[in-house]
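Visitor: Residue strings, one per chain:
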Amino acid sequence: GAVVSQHPSWVICKSGTSVKIECRSLDFQATTMFWYRQFPKQSLMLMATSNEGSKATYEQGVEKDKFLINHASLTLSTLTVTSAHPEDSSFYICSANENLEQYFGPGTRLTVT
Amino acid sequence: ELKVEQNPLFLSMQEGKNYTIYCNYSTTSDRLYWYRQDPGKSLESLFVLLSNGAVKQEGRLMASLDTKARLSTLHITAAVHDLSATYFCAVGAGNNRKLIWGLGTSLAVNP
Numbered sequence: 001g002a003v004v005s006q007h008p009s010w011v012i013c014k015s016g017t018s019v020k021i022e023c024r025s026l027d028f029q030a031t032t033m034f035w036y037r038q039f040p041k042q043s044l045m046l047m048a049t050s051n052e053g054s055k056a057t058y059e060q061g062v063e064k065d066k067f068l069i070n071h072a073s074l075t076l077s078t079l080t081v082t083s084a085h086p087e088d089s090s091f092y093i094c095s096a097n098e099n100l101e102q103y104f105g106p107g108t109r110l111t112v113t
Numbered sequence: 114e115l116k117v118e119q120n121p122l123f124l125s126m127q128e129g130k131n132y133t134i135y136c137n138y139s140t141t142s143d144r145l146y147w148y149r150q151d152p153g154k155s156l157e158s159l160f161v162l163l164s165n166g167a168v169k170q171e172g173r174l175m176a177s178l179d180t181k182a183r184l185s186t187l188h189i190t191a192a193v194h195d196l197s198a199t200y201f202c203a204v205g206a207g208n209n210r211k212l213i214w215g216l217g218t219s220l221a222v223n224p
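Protein chains in written order, with the working numbering: chain A, 1 to 113; chain B, 114 to 224.
Please note that a few of the clues may not be correct.
Stated by the list, open to error - Derived lysine to aspartate or glutamate pairs resembling EDC-like cross-links, with alpha carbons at most 16 Å apart:
#1 A:K14 - A:D88
#2 A:K66 - A:E87
#3 B:K211 - A:E98
#4 A:K20 - A:D88
#5 A:K66 - A:D88
#6 B:K181 - B:D143
#7 B:K169 - B:D179
#8 B:K130 - B:D195
#9 B:K169 - A:E101
#10 A:K14 - A:E87
#11 B:K154 - B:D195
#12 A:K20 - A:D65
#13 A:K41 - B:D151
#14 B:K211 - A:E59
#15 B:K211 - A:E101
Note that these hints are calculated values from the structure, not bench results.
Throw the hints in and build the complete structure from the sequences for me.
Guide: This is the structure in structure tokens:
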């Protein structure tokens with residue numbers, strides 16, 4: 001199946017700093033990618049849909065100025081958590097579609113101290 | 114609004130026994146997915162079900178879809194410890210491939 005990578009796999013940052021997470025489709029092109037966050041022992045929460053060449057579509061309650069999404073090419077979407085706070089600590093997962101399958105990246109564990 | 118309900122949320126199983134996880138969804142959809150997640154890991158795709166009556170099997174897992182009842186089942190045959198994980202169903206919503214997720218079923222297989 002298709003492969004989606006994420007970088008970094010884990011990151012620790014201080015409160016108030018910004019963190020960028022990259023999501024790449026390695027062997028296919030993805031016009032649409034999705035960003036999720038997941039808290040321990042909970043389901044996935046869709047944050048936004050990343051659209052290549054246009055603005056991301058954010059889910060209700062997700063601050064677009066805090067979670068900046070850029071999808072500049074058909075193989076790369078980035079999520080920047082700006083002015084991170086401890087409550088932003090979570091597991092962030094991206095996914096991309098190929099045909100009718102949705103493939104997931106390995107996730108990025110963010111810890112804000 | 115599309116909602117997805119999974120049950121049970123927790124399942125403690127004995128090795129060798131058979132069990133079923135249920136996934137109900139509230140409005141029409143053209144695709145349903147089952148994923149597995151191990152602790153601390155991302156999601157692994159198990160099955161994609163696209164049509165009424167679809168049945169797919171992989172090893173000890175078998176998934177089926179009844180679009181009229183808006184119900185999918187994930188059947189586990191002769192459970193083994195390696196199947197311990199959290200299983201999610203997700204239903205497609207809209208043309209942009211967005212998925213609506215169930216809460217997950219945390220499955221523990223005990224000897």
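Visitor: For every hint, state whether the structure bears it out.
Guide: Hint check results:
1. A:K14 - A:D88: holds, 11 Å
2. A:K66 - A:E87: holds, 13 Å
3. B:K211 - A:E98: Holds, because 13 Å separates the two Cα atoms, which is no more than 16 Å.
4. A:K20 - A:D88: With Cα atoms ~13 Å apart, K20 (chain A) and D88 (chain A) stay inside 16 Å; holds.
5. A:K66 - A:D88: holds, 10 Å
6. B:K181 - B:D143: Roughly 11 Å separates the two Cα atoms, so the pair holds.
7. B:K169 - B:D179: Holds, at roughly 13 Å.
8. B:K130 - B:D195: holds, 14 Å
9. B:K169 - A:E101: holds, 15 Å
10. A:K14 - A:E87: Holds, at roughly 12 Å.
11. B:K154 - B:D195: Holds. K154 (chain B) to D195 (chain B) sits at ~15 Å (cutoff 16 Å).
12. A:K20 - A:D65: Distance of about 14 Å is within 16 Å: holds.
13. A:K41 - B:D151: Roughly 11 Å between the alpha carbons, so the hint for K41 (chain A) and D151 (chain B) holds.
14. B:K211 - A:E59: holds, 11 Å
15. B:K211 - A:E101: holds, 11 Å
Every hint, counting from the list given before, is met by this structure.
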